[in-house]
Each structure stands twice: as C-alpha cells, then as structure tokens.
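> Chains as they are written, first to last, in the numbering used here: chain A, 1 to 160; chain B, 1 to 157.
Worth double-checking, as some hints may not be accurate.
[Unchecked claim] Only part of the chain A face toward chain B is listed, based on derived beta-carbon distances under 7 Å:
1. Gln31
2. Ser39
3. Leu42
4. Val46
5. Gly54
6. Val148
7. Ala152
[Unchecked claim] Quick look at which bits of chain A chain B covers, simulated, 3 or more residues with Cβ under 8 Å:
8. 65–72
9. 78–85
If you are wondering where the hints come from, they were derived from the structure by calculation, not from laboratory data. Beta carbons are placed, not taken as given, at the ideal position from N, Cα and C, and that holds for glycine.
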Amino acid sequence: MHDFLVAITKWIGQTSWATVIRTTRIYPYIQLIHFSGLSLWLGTNVLVDLRILGVGSKRQTAAELSEALFIWNWIAFCFVVLGGFLLFSGIGTTYLENAAFEVKLGFFVPLALSWHILVQRKVRNWGRQADTPPVAKLSALIEVLLWVCVVAAAVEIPNY
Amino acid sequence: MWESLEQVGWVKVLGTTGWLYSSVSVVHYFTLFFFIGTIILVDLRILGLAGRGQTISLLADQLLPWTWIGFTLAMISGFLLFTTDAGDYAPDHVFQAKMLVILLAFVFTVIVHRGQRRWNQLSAIPLGVKVVAALSLLLWLGAILAGVDIAALSGLG
Chain A
1 MHDFLVAITK
11 WIGQTSWATV
21 IRTTRIYPYI
31 QLIHFSGLSL
41 WLGTNVLVDL
51 RILGVGSKRQ
61 TAAELSEALF
71 IWNWIAFCFV
81 VLGGFLLFSG
91 IGTTYLENAA
101 FEVKLGFFVP
111 LALSWHILVQ
121 RKVRNWGRQA
131 DTPPVAKLSA
141 LIEVLLWVCV
151 VAAAVEIPNY
Chain B
1 MWESLEQVGW
11 VKVLGTTGWL
21 YSSVSVVHYF
31 TLFFFIGTII
41 LVDLRILGLA
51 GRGQTISLLA
61 DQLLPWTWIG
71 FTLAMISGFL
81 LFTTDAGDYA
91 PDHVFQAKML
101 VILLAFVFTV
111 IVHRGQRRWN
121 QLSAIPLGVK
131 VVAALSLLLW
141 LGAILAGVDI
151 AALSGLG
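Between the sequences and the hints, there should be enough to build the whole structure, so can you do that?
Right, here's the structure in full:
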C-alpha cells in the first residue's frame, strides 16, 4: 500500500501542473485556496458547534443554522481538498515521509470529517429540542477539538 | 527597538519552547480561519450568494460577535508570535503589507457591522453595499495571502 502511494505520488509530482507548483512563485496562491476554504469550512463547522453548545446568540436553532450553512460548508470543503491536494502534489513524497502529515491526513482528518458528518446529521434532531441533550453538546465539543487537532498536526509539519 | 522586545523574559521562553510556540500558532491559525469564515459568510449573504433563507441581520447578528471574539484572539496570538522575532518581522515589507491589509480589512468589517441593520431593511441591496461586501471579502483573503507570503518571500515564521 505504501509503495503504491509513493508510486502515485511520484507520478503526480511529474505532471506539468505539479511542477509549476513546485518551481514557481504560485505556491502562496495555492495556500490561499487551501486557507480560504479552511476559513469557510472551519467557520461553518465551529459556528454550528458553538450553537449546539448553547454559547452565544440563540436567534436560530442549531438545526436551522446548520441547514442555512450547509451548502457553503461543503463548497468550502471542496476548496480545502483542492488546495490541499495541489499543495501536496508538488513535493508529495516529502509529505509522505513526514510523521505530522501522516497523523494529520491519515488519522485526524478522517476522524474529524466522519465526526462532522455525524454531528451534521444528528443536529437536525438535536437542534429542534428546547434543551440540547448533553450528548449533543459533548459531540459538538469533540468536533471542535478534533479540528483543533487537525490544525495542530498541520502546524507541526515543518518540524518533522 | 524591536530587537529588545525579543529579549524580554517571557518572549524568550515562548520563542524557544517548541510546544508553547506551536500552541500559540494553532490558536492563531484556528481563530483566524474561524473569524474570517464568519466574515466571508456575512459578505456572501450581502452579495446574495449565501444563506438567502435568512435575512442579513438574522445571520449577521449571530455571526458578528464571534467575528470580534475570533479577531481579538487572532490579534493577541499574532502579536505573541511577532514578539519572538520582532527584530526581523518589524522591518519586513511583506509583514508591513500584511498589517496594512488587515487594517483596511478591519475598517471594511466595521462598515459592514454598522451598516447591516440598515441594509437589512432595504428591499434590494444597493450596488455600493455589494461593492463594500466584495471588498471586505477580498481584503481578508488578501490578509491571508500576505500572511503566507511572509514565509514564502521573506523566510520568516
């Protein structure tokens, strides 16, 4: 499996666009795509989580807020993945050997993403009740912490 | 002057303690993503591209307090990161550009914050207001770009 990943990553690295990313000054703009997407992605996720946790304005229920932000939540995700993939593509084999990157993409991202989808589905019911059940608040808190872990792993990438 | 800031006790601790510096970095990144996300959503709503099921004020009233909380945390954490290498950051043109862009973006965010209730009552959003929202959006994206450019162009951070 690992050899397969390395082979594909090397192939990606040889494409014309990956070479452009690796050798020109376009890199910060690719980071911009990834980070802008992250702003909207994390923003929409955390806003709903905070609402579930009962902090802040209660003008809309958590269910209503989640529904209102749903489309842009997933549009943002597309930008995050696009930007992330392009960032990876230039020097992929280096990332594959980076422990922090492996923890981020191999562990925390799948976990946080699955958890987010779970919360997003559950909030349709949780968000309607007058008092959000404790399990809902705990789940929302866990989601925030998982995304913090993703960011923490990403911040550590240069150190490994 | 900025060099002497780097020599202050807690600044030296922050600059040399790996996990501490990383933690402040995480706070900076997480809070900036969050607060810029709230701004993007309100601006997209004003532009009529997002959350059209909500009135502008319904969205903005809920989001804008978080914008300011996130912004404050991002500024504090940003300043802490700055202190550890103040002597190199302060004269750096890319860093200075970032500070300028943030200042401009901040002004536009205040304009949006103060105007949203008034705009909410209009049956149609005037073009001028949409331009303000679009500029707010672009300026904050510009702040992100300036931030990543610091490492790319100046090798700092």
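> Where does the structure disagree with the numbered hints, that is, which hint numbers, in rising order?
5 and 9
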